[in-house]
Amino acid sequence: MDIESFNFEQNYFDLFELPVSCEIDSTQLRAKFMELQRQYHPDGFAAASSAASRRAVQITAHINGAHQILSHPLQRAEYCLQLAGLSTDAETDAKMDNMFLMQQMELRESLEDVASAAEPYKALDSVRGEIDQLIEKTSVAASASIKTQDYDEARDLIRRWQFLEKLADEANTIEAQLDDA
Amino acid sequence: MALLQISEPGQSTAPHQHRFAAGIDLGTTNSLVATVRSGVANVLQDNDGEAIFPSVVRYDKHGVAAIGKSAREQASEDPYNTISSVKRLIGLSAEDIAESAAGMMYKLEKSDATVPRISTAAGSKTAIEVSADILRALRERAELSLGGELTGVVVTVPAYFDDTQRQATKDAARLAGLNVYRLVNEPTAAAIAYGLDQAEMDATIAVYDLGGGTFDISILKLERGVFEVLSTAGDTALGGDDIDQALVDWIINQQGIDIGSDAGLQRSLLDQARSVKHQLSSADIAQFELQHGDTNISVSVSVDTFNELLSGLLERTLKSCRNALRQAKLKRNQIDNVVMVGGSTRVPAVRAAVSAFFEKEVLTDINPDEVVAIGASLQADVLAGNKPDSDMLLLDVIPLSLGIETHGGLVEQIISRNTTIPAARAQEFTTYKDGQTAMALHVVQGERDLVRDCRSLGRFELRGFNPVVAGQARIQVTFQVDADGLLTVSALEKTSNVQAEVQIKPSYGLLDSEIESMIRDSMTNAEQDVAARMLQEQRVEAERAVEALDAAMAKDADQFLDQSEKQKILDARASVLESNDTGDSEAIKSALRGLEKVSEIYVSRRMNASIGEAMKGKNIDSYAKQDNPS
Chain A
1 MDIESFNFEQ
11 NYFDLFELPV
21 SCEIDSTQLR
31 AKFMELQRQY
41 HPDGFAAASS
51 AASRRAVQIT
61 AHINGAHQIL
71 SHPLQRAEYC
81 LQLAGLSTDA
91 ETDAKMDNMF
101 LMQQMELRES
111 LEDVASAAEP
121 YKALDSVRGE
131 IDQLIEKTSV
141 AASASIKTQD
151 YDEARDLIRR
161 WQFLEKLADE
171 ANTIEAQLDD
181 A
Chain B
182 MALLQISEPG
192 QSTAPHQHRF
202 AAGIDLGTTN
212 SLVATVRSGV
222 ANVLQDNDGE
232 AIFPSVVRYD
242 KHGVAAIGKS
252 AREQASEDPY
262 NTISSVKRLI
272 GLSAEDIAES
282 AAGMMYKLEK
292 SDATVPRIST
302 AAGSKTAIEV
312 SADILRALRE
322 RAELSLGGEL
332 TGVVVTVPAY
342 FDDTQRQATK
352 DAARLAGLNV
362 YRLVNEPTAA
372 AIAYGLDQAE
382 MDATIAVYDL
392 GGGTFDISIL
402 KLERGVFEVL
412 STAGDTALGG
422 DDIDQALVDW
432 IINQQGIDIG
442 SDAGLQRSLL
452 DQARSVKHQL
462 SSADIAQFEL
472 QHGDTNISVS
482 VSVDTFNELL
492 SGLLERTLKS
502 CRNALRQAKL
512 KRNQIDNVVM
522 VGGSTRVPAV
532 RAAVSAFFEK
542 EVLTDINPDE
552 VVAIGASLQA
562 DVLAGNKPDS
572 DMLLLDVIPL
582 SLGIETHGGL
592 VEQIISRNTT
602 IPAARAQEFT
612 TYKDGQTAMA
622 LHVVQGERDL
632 VRDCRSLGRF
642 ELRGFNPVVA
652 GQARIQVTFQ
662 VDADGLLTVS
672 ALEKTSNVQA
682 EVQIKPSYGL
692 LDSEIESMIR
702 DSMTNAEQDV
712 AARMLQEQRV
722 EAERAVEALD
732 AAMAKDADQF
742 LDQSEKQKIL
752 DARASVLESN
762 DTGDSEAIKS
772 ALRGLEKVSE
782 IYVSRRMNAS
792 IGEAMKGKNI
802 DSYAKQDNPS
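If you're matching them up, the sequences are chains A and B in order.
Each residue of the first sequence is one higher than the last, beginning at 1 in the numbering used here.
Each residue of the second sequence is one higher than the last, beginning at 182 in the numbering used here.
If we strip away everything but chain B, and leave its shape as in the complex, we get (with noise of 0.2 Å):
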């Protein structure tokens, strides 16, 4: 970097230089860019006037054939190789994406990489690669509109996303060449865009989301131009596609219609499900015409149909809306402001049914497709330094709970969900062995006890560190998360000053129902976690004993006991090591207290001893010292 870059914070080296930023909503079905141009935010546009830009790639053997609304417009001619919703994929292993890719087009490649590759005219894909096309194309949209290279951008990602997929969307945008100066919650974009006119007024604000792929609910609170998100919630698998979805499933249902391995039909019965939907925004009735092969269809749908459809999927909405104000601890009456985002917003039984919820007239103002790039565009104008007078910050939460694996597969939580991001905490552990010198730690993301029920981020190991008796090392662990939202980990050995760290690597990601469902577990299944954690831990505890006993009695057993005593102990051990191979927690508890019961006498004898080992040849005033450590 050249020594002229350098300059104060927030200053710019050239004050008059206005920076080229813009905000890009990266979405499942279409994505938007957005700039400031003169103070005003507004979104960019191809040659024909369109600003939504279908998130779509056909490739062919030369690379990208064709991307945005013609590779849309293609996919029902060439299914294989046209990719869309990728956006469901990001930041997945090839494992989780086996359950998921059941409803998708395209094919997965079988292999034993840990990122999945999706085959394609053009060799094979990740999702990553892919998402990087769809911004490559959207960063020439923009520097051709603003005619400049884009000094930065602000990319929006779901509230829900966890640090994987985090991770995995700031690679794509470094993959398609952009400076990513922050990724941001879509629903605080959202927020952005209404909130900046307003920045003197403090208002508690939902935000309902209900866009092509995922639907997430968010608590914000505006304060002097503060953001500060209370609670999100959500389901990740739930949309306008899903919608789609249950009108060609009725479609196909009444019409007696088998659509086989046609792929073709299916697009283009999804694609006139689309068509049918937006003119019941309007009308009470709606044609669902179509002409492929041999399969003719003519039906009437009526809006009243349609809402019925629907009802299902608004309910499930509601329910992660109730879940949200229960985290922000609000009433629905406590809610001042609701923000409405997605195309799906536009279908008027979805209004009715958010503004009868929360008793309130939802915001419609901003066009729903443009508001959340628009609020990225206004946030990415005042992190280029374009507004050094701006007051606005925008503060934000973490989505899912960090911590890290403890002895028996439990879950010690290090930084709990919805805290204010960036955040650090520093635990301490421990040793669990006499002379251990390595430890591995084990860093996983979700709101369960046990690690098994939790996602798995990565793992790192401390090693060299003084071998001292168990219990006595004391390894500091210190989770930091930025504000995009990803961590870093470090872990010290206080006494030895060990340090290591490691960055978590996007291997994989969690699958997008499993954030969701991880959340609703951790509720219903709190009961379960209880018995299943005194288990394990009843579990540690006997091992520990026997392991101690053992230490005791290889060195000295035969000082203290005679055969009799010592068989009694070795037949208690024993009983032990038994019950703890049974599930039952109880079991384990009675055994121990058995073998407790029969090693008293041999405790205290080697206790007698070891105090009058101690007391030799020494004086009060050393004892005094050693009861002050340190």
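This is chain A alone, in the form it adopts within the complex (with noise of 0.2 Å):
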């Protein structure tokens, strides 16, 4: 356990010893997400000095951060978009095409109509399996985009991938205020 040389600076799919994509082995991630935890969580270090255990704490909270960022689909999308030295964030670009925004803005007015539908349930689940769908495919073209690093096409794709997944956090509000009518 050396927990000195611990490298901050490696990236993440260094770290779980992954290759660099978006596609990512489940499996071995988890695998090798247990074998840092087993080397470096504070409680191996409960009886070792406290510079020790303090350094413990930032190793495996690196290794926690790390873990979160490529477990998530999308997050792990933006990260790798990110190690080829391009940004995502909202404000950078505003282009989509009217097609998307129009699509947008049906699926929320659909959301909008769920409480008051005769069987909102049904009404929720149909909404979300559009947006899940959607998700899906191009979660799968971004994916494929990064690949062949043709990263314009991928940011452009991540961007939409971003407003889905608000979305999704919509519906999920939704079934939450739902479930506590």
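If you are wondering where the hints come from, they were derived from the structure by calculation, not from laboratory data.
Hints are not guaranteed to be accurate.
To be verified - 25 Å max Cα-Cα, derived BS3-like pairs, lysine-lysine:
no.: 1; chain 1: B; residue 1: Lys500; chain 2: B; residue 2: Lys402
no.: 2; chain 1: B; residue 1: Lys541; chain 2: B; residue 2: Lys510
no.: 3; chain 1: B; residue 1: Lys778; chain 2: A; residue 2: Lys32
no.: 4; chain 1: B; residue 1: Lys568; chain 2: A; residue 2: Lys32
no.: 5; chain 1: B; residue 1: Lys510; chain 2: A; residue 2: Lys122
no.: 6; chain 1: A; residue 1: Lys122; chain 2: B; residue 2: Lys500
no.: 7; chain 1: B; residue 1: Lys778; chain 2: B; residue 2: Lys736
no.: 8; chain 1: B; residue 1: Lys770; chain 2: B; residue 2: Lys614
no.: 9; chain 1: B; residue 1: Lys770; chain 2: B; residue 2: Lys749
no.: 10; chain 1: B; residue 1: Lys614; chain 2: B; residue 2: Lys736
no.: 11; chain 1: B; residue 1: Lys747; chain 2: B; residue 2: Lys770
no.: 12; chain 1: A; residue 1: Lys166; chain 2: B; residue 2: Lys512
no.: 13; chain 1: B; residue 1: Lys250; chain 2: B; residue 2: Lys288
no.: 14; chain 1: A; residue 1: Lys137; chain 2: A; residue 2: Lys147
no.: 15; chain 1: B; residue 1: Lys510; chain 2: B; residue 2: Lys500
no.: 16; chain 1: B; residue 1: Lys736; chain 2: B; residue 2: Lys747
no.: 17; chain 1: A; residue 1: Lys122; chain 2: B; residue 2: Lys512
no.: 18; chain 1: B; residue 1: Lys510; chain 2: B; residue 2: Lys402
no.: 19; chain 1: B; residue 1: Lys510; chain 2: A; residue 2: Lys32
no.: 20; chain 1: A; residue 1: Lys137; chain 2: B; residue 2: Lys510
no.: 21; chain 1: B; residue 1: Lys242; chain 2: B; residue 2: Lys288
no.: 22; chain 1: B; residue 1: Lys510; chain 2: A; residue 2: Lys166
no.: 23; chain 1: B; residue 1: Lys568; chain 2: B; residue 2: Lys402
no.: 24; chain 1: B; residue 1: Lys749; chain 2: B; residue 2: Lys778
Two independent chains are provided; combine them into the complex using the hints.
The following block contains the structure:
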């Protein structure tokens, strides 16, 4: 357990011994995550010096953060793009074609109508199904563009994906409201 | 510390020496202590063979007069000096408690102190001190039983406990002379108690914990010896005490009894209710008998009546179950095991309701009162280094989001709820005004968008960075949460390298019910929050625009504008300020647009002049360099 030489600068894929890619072997990610936790978790330093246990906290926090990004498909794609030197911040571009914006508005309206639907859960499931399908399609396309290093295309797709994830979050909020009603 | 104690992490200096470690379940109603001997975890008993230690302390003028079972037995005689359910107060401020103490027997001192004090015959006591007295008694029981001093303990806390409540619990343990290896969430400890023997099995587990004073539902994942908390939810003001109270209320109603201010009668009624509840776990009918002064009660209570009294309470727990499943993104049928924790889960109606909800037999193999302490003792044994080959690893999550106050009373979320800990996150902030050299950071915990709806954890100041133009400073704020869920915040001004750090002090904590309602509110109030956020952002934008305009006009208004142009801008400026006092974000927006429009000419004249100024005597090369800062 060499906590002194832990490299915080290493990219997250290297940390988990994975190739840089949008598609990831989640079993390998999980296995390596466990291995790193066993190696560095502060519980292993409960009887060690306070400096060592502080360092262990920093290292595990770093590992947890990296794991969170790699295990979330959208965050992982954003990270791939970031490694390629591109930003996906909301303000960097507003290039959205009208078709897409229209579709977004329609989905948003369908979500707003869920609460007043005759069978709200059914209505919600149907909108959610649509959103999930779009996310699936967009993520596959984004992943393919990253693979072929067509980063401009990838960035546009990821921007759409971000919109769709927001819609999916809204669907969850609506479900919570239905459950609590 | 002696040099000899330095050793490789995870390795003991004297490998053959067994360290005495214990697990403590510090409960609202009852506490327990357990330890591992010869590889087997057992709760430790008193001389009468009782493992359960009531979390009750009675004080007289000499200090602790009675503790545990004897204190509880004497409670009706001396209600004001007998402190129970003190866990409900730990980590809370005096202000918080004014609300929650309504149903408490004991008296709180009126004072300006942030930490509330309970007045007793032994003087005023904080919740931390009372908890420490309980922990000290448990420590004595353990050391007597083990025949040596404890090296360290694991203390359990409700999954919902926030930073200040965790810190207060740790302080109580330290006050009792205990070395805390780790604070562990109660449901996690319960899962450890069940999980160790099946370490090769992967499973998703729901832990339903209906204790004396709190209800928690946690969804955990157990995978090759690693426990991971996927989500937690609950109702922190709901438990067996409420079942007793519901029964007492029913009796009072039915018999037309007036308790008045007779605290002793209230106690006796609760004691009798508890006994009836226990009888109804195995009988269809029980007799509520009580003689107290002039009051004579004899009522038979059927199990059907009792279950009816319970139904509202059970429904509230199931609502939390649905919430926890949703957060874990799981369906009911994806739960492999349901672990029952807490004495109240002995009530057959509770078991039946939970079993029906999850469509599954619930686990009750381990005594539900003891399961948390047993799990804690297993973890303590590992952390003490008594099991060097152990593969067990306990991963936990943070129960409430952490954030920082930004302009206009908005919260910038930094670490969101249910993130695996330890966790750290850095976020960059910038200055708001030209020449700003100091910055105050306000750390909050909660799920809402506005600071006033979240819990304030602490404030700290960062001073002495170089005065630069607004927006140019780069202040990196790092939040770090350790394995116990305790927070440290540090801030670094990156251009001048000024560093500040704060350890959150337990000056106050969240009201028990506040945490739960904060989470609930974050869902139902999402819409309201969006509107409030928009208004606040609009206001900040308007203030900024006016400030920038004023700064520019003070410098060169007369150079670029004639009198009528100047007047138009000033009028538009006035209407922006006016609209900013209203609560209407649309009005602010349109006033701002008006200001922008009349200022256009001024802005473009200034810009042309400054470009002209900048181009004087420079060649193309120096621009290229500027394009590429740092």
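Now for the hints, and whether the structure bears them out:
no., hint, in the structure
1, B:Lys500 x B:Lys402, "holds, 21 Å"
2, B:Lys541 x B:Lys510, "holds, 19 Å"
3, B:Lys778 x A:Lys32, "violated, 58 Å"
4, B:Lys568 x A:Lys32, "holds, 23 Å"
5, B:Lys510 x A:Lys122, "holds, 18 Å"
6, A:Lys122 x B:Lys500, "holds, 20 Å"
7, B:Lys778 x B:Lys736, "holds, 20 Å"
8, B:Lys770 x B:Lys614, "holds, 22 Å"
9, B:Lys770 x B:Lys749, "holds, 18 Å"
10, B:Lys614 x B:Lys736, "holds, 17 Å"
11, B:Lys747 x B:Lys770, "holds, 21 Å"
12, A:Lys166 x B:Lys512, "holds, 22 Å"
13, B:Lys250 x B:Lys288, "holds, 22 Å"
14, A:Lys137 x A:Lys147, "holds, 16 Å"
15, B:Lys510 x B:Lys500, "holds, 15 Å"
16, B:Lys736 x B:Lys747, "holds, 13 Å"
17, A:Lys122 x B:Lys512, "holds, 16 Å"
18, B:Lys510 x B:Lys402, "holds, 12 Å"
19, B:Lys510 x A:Lys32, "holds, 24 Å"
20, A:Lys137 x B:Lys510, "holds, 21 Å"
21, B:Lys242 x B:Lys288, "holds, 16 Å"
22, B:Lys510 x A:Lys166, "holds, 16 Å"
23, B:Lys568 x B:Lys402, "holds, 23 Å"
24, B:Lys749 x B:Lys778, "holds, 10 Å"
Checked against the numbered hints above, the structure breaks only hint 3 and satisfies the rest.
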